[in-house]
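Enquirer: Protein chains in written order, with my numbering: chain A, 1 to 115; chain B, 1 to 116.
No lab work stands behind these hints, which were simulated from the structure alone.
Please read all numbers here as calculations on a predicted model, not as lab measurements.
Careful: at least some of the hints might be erroneous.
[Stated by the list, open to error] Keeping only pairs whose Cα atoms sit at most 30 Å apart, straight-line, the calculated BS3-like set for lysine-lysine is: (1) A/Lys107 <-> A/Lys49; (2) A/Lys77 <-> A/Lys107; (3) A/Lys22 <-> A/Lys77; (4) A/Lys22 <-> A/Lys58; (5) B/Lys70 <-> A/Lys110; (6) A/Lys107 <-> B/Lys11; (7) A/Lys58 <-> A/Lys107; (8) A/Lys69 <-> A/Lys58; (9) A/Lys22 <-> A/Lys110; (10) B/Lys57 <-> A/Lys107; (11) A/Lys107 <-> A/Lys69; (12) A/Lys49 <-> B/Lys57.
[Said to hold, decoys possible] In silico contact screen, one side only, chain A against chain B (beta carbon under 10 Å); selected entries: (13) Leu48; (14) Ile51; (15) Asn55; (16) Phe90; (17) Ala92.
Think of the CB as a built atom: it goes at the ideal place given N, C-alpha and C, for glycine as much as any other residue.
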Amino acid sequence: AQSVAQPEDQVNVAEGNPLTVKCTYSVSGNPYLFWYVQYPNRGLQFLLKYITGDNLVKGSYGFEAEFNKSQTSFHLKKPSALVSDSALYFCAVRISGAGSYQLTFGKGTKLSVIP
Amino acid sequence: DAGITQSPRHKVTETGTPVTLRCHQTENHRYMYWYRQDPGHGLRLIHYSYGVKDTDKGEVSDGYSVSRSKTEDFLLTLESATSSQTSVYFCAISESWGDHSNQPQHFGDGTRLSIL
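The following block holds chain B by itself, in its conformation from the complex (with noise of 0.2 Å):
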């Protein structure tokens, strides 16, 4: 398995608090991902990053921001959850050698977020 930790695995919060996600990779990829799974809906993308610095807003990104600092970390925070936002969250990273976009993201184990 690629060596992904997602923090925590299990939250629960109130409306309005702002939570921060962690994922930390020790592959030293380029590529980071945040995603939002919901049931009927698959996979959908919140941001990514691109480097150091370097994020794009997905589908999915209102009412998240995200901040990659060093390689190996990429935070999603959601500045004040609402409980539309209940959801599992995964962290992605993928390679940059060659074509990219062909490369296969590998995924962490996810956090289950509940927002009361």
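Same shape as in the complex, but just chain A (with noise of 0.2 Å):
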């Protein structure tokens, strides 16, 4: 069984501050960790994903993502908030292997950056 949590239903930020999206994972095997973004009336946005290898993951817009294994955590970050990073995000994770279909979302944060 595989379970995505994100801890904070909302989390309000200051345009130009860093921001924090939590995500934590409960996988049995090698996880394959992503992160979605979706603006209102559109479908979901892949922003980035874990594979392997380092930790710290650069995606789309500016954002990165920290893998943390004994944590079993996997926190979105940007370093200067934008107002048009208001959104819903969503943590999402897969089994590694050629068997595995299945894709479990977290139940999705609202960002909402303050101008």
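Take each chain as given, in its own frame, and dock them per the hints.
Expert: Structure below.
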């Protein structure tokens, strides 16, 4: 079984400040981890993924995420938030391997960047 | 944006009627997925396809069926719609080269379905 927890339903941050959106996961096996963003009335857009190697992953729009195996976390970060970053963010996990089809999503975190 | 078109974008129907949603892709990707999105639940997998005529169930498949007769089209059918199936439905696709499980999924813009 695999699961993802996003402990915060909403995160508020002032424009220009650093932002963090938290994600923890549970999986039996090696995880592949993903972050997606969703704007109103749109589908999810892929931001970044962790497969293996460097624990700091860089993605689109200046976002990055840090994989921490001991804490089973994959937090999304950005050094300086923009108002346009306001959206719904989803973390997702998948077990590595050719037989793995299930991508499990967290419940989402609404990010509001305040001007 | 990945070439994924979902139709219709909005639909209102009555309990007990059959409903079919269509997902069309122009990327020639092997894998296609149907999800539903509900507040407080994130996205949940309904069914997926790993090739033409090759489909399997996801975690919330009861009351749904799928078909894939061509690479580019993946249909989701609600056999007899119920109010609990009111939701936003998303189609996604992903590539198959290498370890497909590390390929990101790309999503359509969804179908908002209301069952009265």
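Enquirer: Need the list of violated hint numbers for this structure, in ascending order.
Expert: 5, 15
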